[in-house]
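Asks: The primary structure of each chain is shown beneath.
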Amino acid sequence: METESDGAMAQKHLIEIDGVPINAELEVQQDGDSRVRLAPDMDWQTVELLHIRAGLHVVMVDNVPIELYIERNASSIEVTIGSRKYQIRSGLTRLTDRGSTKSSNMVDGLAIVRASMTGAVLEIRVGLGEQVEAGEVLVVVESMKMNNELRAPVAGVVKRIVEGLDSQLEEGEEVVAILPTETPQESS
Amino acid sequence: METESDGAMAQKHLIEIDGVPINAELEVQQDGDSRVRLAPDMDWQTVELLHIRAGLHVVMVDNVPIELYIERNASSIEVTIGSRKYQIRSGLTRLTDRGSTKSSNMVDGLAIVRASMTGAVLEIRVGLGEQVEAGEVLVVVESMKMNNELRAPVAGVVKRIVEGLDSQLEEGEEVVAILPTETPQESS
Amino acid sequence: MLKKVLIANRGEIALRIVRALHDLGMESVAIYSEADSLSRHVRYADEAYCVGPAEASESYLNVARILEIAAASGADAIHPGYGFLAENADFAEACEEAGLTFIGPSPSSIRLLGNKNAARSLAESVGVPVVPGSGPLESFDAAPKLALEIGYPIAIKATAGGGGRGIRFVDREEDLSRALSLAAREAKNAFGDGTLYLEAQMEDVRHIEVQIIGDNFGNVIPLGERECSIQRRHQKIIEETPSMVVGPRLRRTLNRAAVRVARAAGYRSAGTVEFLLDEEGRYYFLEVNARLQVEHPVTEMTTGVDLVRDQLLIGGGSPLSYDEGDLSPRGWAIECRIVAEDPANNFLPSVGRVVFSREPAGPGVRVESCLHDGLEVTPYYDSLLAKVTAWGADREDARARMIRALHEFQVVGVATNIPYLLEILELRDFIDGQLDTGFLDKHKIVGETEEQEQIYRDAAAIAAILTFAGGNSSVTSSPREKESRRASAWRQKAMGRWPKSI
Amino acid sequence: MLKKVLIANRGEIALRIVRALHDLGMESVAIYSEADSLSRHVRYADEAYCVGPAEASESYLNVARILEIAAASGADAIHPGYGFLAENADFAEACEEAGLTFIGPSPSSIRLLGNKNAARSLAESVGVPVVPGSGPLESFDAAPKLALEIGYPIAIKATAGGGGRGIRFVDREEDLSRALSLAAREAKNAFGDGTLYLEAQMEDVRHIEVQIIGDNFGNVIPLGERECSIQRRHQKIIEETPSMVVGPRLRRTLNRAAVRVARAAGYRSAGTVEFLLDEEGRYYFLEVNARLQVEHPVTEMTTGVDLVRDQLLIGGGSPLSYDEGDLSPRGWAIECRIVAEDPANNFLPSVGRVVFSREPAGPGVRVESCLHDGLEVTPYYDSLLAKVTAWGADREDARARMIRALHEFQVVGVATNIPYLLEILELRDFIDGQLDTGFLDKHKIVGETEEQEQIYRDAAAIAAILTFAGGNSSVTSSPREKESRRASAWRQKAMGRWPKSI
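Residue numbers (numbering that gives the first Met the number 0), protein chains in the order written: chain A, 0 to 187; chain B, 0 to 187; chain C, 0 to 501; chain D, 0 to 501.
Keep in mind that the hints were calculated from the coordinates and are not lab data.
Please note: incorrect hints may appear among the correct ones.
[To be verified] Listed below are the simulated PhoX-like cross-link pairs for lysine-lysine, each with C-alpha atoms no more than 25 Å apart in a straight line:
no., chain 1, residue 1, chain 2, residue 2
1, D, LYS443, B, LYS84
2, C, LYS144, C, LYS187
3, C, LYS443, A, LYS84
4, D, LYS187, D, LYS144
Model, not experiment: these values are computed from the prediction.
Sequences are here, hints too, so could you generate the full structure?
Replies: Following this line, the structure appears as structure tokens:
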């Protein structure tokens, strides 16, 4: 165990964690212990994954136990540690375009404001054709007794807007469409 | 819902609970509610089985919620309520011979005393060839720091006995064999 | 003595009440909406009835249906918990008319205290200072002048509001008129009454409240204060008792003021009188919450009193079994509210399925929770999942235990505010007790330390690698296989495996 | 102040100690046998090391290996919990030699008190009455005469025994000699020392013990009594504090006696002085347990003291932070031990896999538990799974809460003694506090009522029928399907479904 290779074969694992690639190696020792290093220049760590019950596991990393919950999806696994969640993909997948979700909010030259959760329309603060400033509150949605304000991502003119107080919104549903007054930029 | 049949079809269910047969009927109402009566002369009860998570269920019987845990085996299901456990079989199965386990303790005319749990031999109180009385302690087995006394089921002579203090016993393993001095009877 | 009590509520408070009923040997009747059929309050109760569809208006607020279930089940009383119908005087009245005991104050007390202007006048009438403000605004024309007299910034409140709901803040006179119109419409929508009043928006103040309890024999006693200054958008999230700034003299003053207001309102059952406390130690009456409160366990942990039990006994006609002098509060208690809101995503409510949860336990920790594996968090009700209360010999002990408890608390499947709470508990000003109602605006809550974040991220990566390599049984294995493999490896090496790192 | 502490134990007590360490901001090092790798004490600790195979002698009793792990992990102290090495003076000494703090009394105190004859002499030397008995038997020849002097029935005890282990009872002189031979062999096997002594087997007595705690500065204070008369085969299963028969005067007497014995033994850390109390109120010293005890939480619940925390602080060199006068015990606390033994099957240990467990919670209930779904209960260690402690304003409140808590407690997969405990708690003599150490021999524990049994049996049958009919989604369905189906059915019928039975 003192030498680094010790005759055991290492597997290369290229994984992606929350979109960040990691070049890791896994080595199974002759005594059954496993070691991992997460980058070629990092130290080897003795590791073990213990299954407790459906989903619930403990990973031991150099004798530090960390409890985690593993859910498998079609193309990736999701690891929850405490209140943190990590999406991990295996293999040589490329980084996805991180801007794509954001830019899809521009459709046919209109900036689309979507409901970020399921809820009911509590208040509509602007009217069709009105000029709005970036950051202005357009619509207030109530979900779980909390008010959530949907704000204009850009300055512009309201081209479409949800109708009817108390109407139910699904997550991701269009609430307001704004024609920007200037070339749209990614607002912060 | 006021009439008993109301056009809905009843299923007959012959089940066996801990060996006791029950002639039950299940009826699914048109409004989706289900009713059960456990014997032809008993009242109908409105019932519902709700699945909470693997194994864990609530059965509602006339609005009384009872939490239970259901495990399926090959031929039966096991229902646990609090600390009580019920074995339930479906269909026209016959009562099994309840004496069979007991009589298997007589082998070739010898009364066999078996370990009732996994454990270690702590004390051997009798020797080979010794005469023992019914009820006399033969061997003490320690399991989970508790001493458990294995007693003679009949009066007789010790023909075989486990050897070696601290030796490990598996559940059901033979510990002592006794040749009865009289015709063996089922001891209480 | 009551025999059977219907609980007109859901979630952790319904379960809390089921437990109190069982402790008293009384029968419990749960109601549940169609979204809540698997809930713990249903499973723990003696009987349970479906009250209607998920929408609160058709289930937990459906008075006719609730009374019907009460009659059919043979309940002799109704406990409303908090929220829903707890401060609805008409409901309390309807219960009485149906021959049921309403576990709470009389309808007239609820009605009186539910009008926030009337409550302010009541407090003034018994010599308790109130937050500077106006009476109910009869027209908006007088508002600018009244606002100038009170002084900006100003709060516009709904007479029928309360509990932090329906408040708007105005910094400058030019915003006043538009704010009044919006507030009036909101109040009309939310409470059915658009009447407003103005109040000074006091800054650098603490929210201090006094728990009281009264019976039907004229006894009203105070159970000491709670400090609830840690609020996010006027919703309390961390509460404690005692308060670091309330000494014996101020406690006596606040206790007496609370009892005077309660007596003037003919109060019975458990209730809370809320005050603001400024830096000079001056106190101002805010409102009375005519019901049990979410934060009641901190008072229970220090005093040993069981407020829900006492509500039930008082409801059954018993006099209070203790007097103010019998109470000797011990130590310190802190409560944190665990809500299904995502602090990393602007506190958006998180809905979804809880696939795994584990609650903390052990010495000094009490949990009230409606969590279970498989729980569907829906958008129909508020986001409170659980409350953790930690008790310690002093504030620092209680805080340390709370931190330990929150680290033990696991909820997988929906986001919660646990990381946010942990960060607040570690802030220097929180540790020093430098609290006021603007605390969360003044303090930037930073993310987890990079070091901890890196440890978690690496562990997730390692777990994923071992999972991807999973077919290999020497990488992931059941303990039993592992044990035999280990045992032999151990014996081979005489002294066992020894990781290189140590 | 200690920084990092190794816990040389497993199960619920190891988890209890991890929590105390986290409360104090100290790091925790767990050890685990190969059978225990999934245990909660492992998962909750900051670091965890495999200590050896399942057999205790090769793992939790493996002194060399434990000291090796302590050194490798950088721990500065070892907490032994109870059982295993807790009262092993050689181990305590080995810790000190390795430069580690042993959390417990000094090796010399442990050694002195571990010799039950020496402890009896010590008690006598400070004027504390002891149970009538002999000194160590130098030969068996003198035994018949000594036994006659003491009077039958008589107990044969091992000098190196304690905690109810290694005791034999003799009713008649003719059984004495054979019993002595067997007892000597047993004692030699179990404790490595066959020395025996005789003691009167007192009947109709209560087991009353006094919790004490001492520091390194000569402070020793008593924390009041616990009544532990409910024993099954000399193992306590229900404990409470205070005792119904101990008034202020007797409490003072017992407290003082306990402190005198502890002082004479140079005692530090937490410990317990055990007495028997007869019907006339006379007390007799039994032995000292030189360690934390299983039943310590009842004292913690009434006094607010955290004994494990105090052990750790004292171990770190701090003086006791409170005095006897600072303690004002409040209310009543009862503890039940939940063990994996099957009361319906002659209390045979039940081994197997816990497929589902749920612990009680809520006001006044504290649980120390090592249960988790998937736990393998093995025959390697003792059968204690969990301890439930219930606190109430008085004994009846505590008892009612305990009953509620035990009904909430679910363990599926292995049998437990929960039904047995529930039956004891409902016995008239238990309710009246008519307890003595022979309680369980005198009271027939009847099974559940037929009525309850029939309700459960019917529910199981109904669940089974619905499961067998399971393909039919209108019989078993997920709540979501159910909800939409219900909602429409509800609206159809305007006022919703209404079961016929009510």
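Asks: Does the structure keep LYS443/C and LYS84/A at a Cα separation of 25 Å or less?
Replies: Judged against 25 Å, a Cα distance of about 23 Å means the pair holds.
Asks: Going straight from one Cα to the other, do LYS144/C and LYS187/C come out at no more than 25 Å?
Replies: holds, 24 Å
Asks: Take a quick look at whether LYS187/D and LYS144/D sit within 25 Å of each other, Cα to Cα.
Replies: With Cα atoms ~24 Å apart, LYS187/D and LYS144/D stay inside 25 Å; holds.
Asks: Please work out if LYS443/D and LYS84/B have their alpha carbons no farther apart than 25 Å.
Replies: holds, 23 Å
The earlier numbered hints are all upheld by this structure, with none contradicted.
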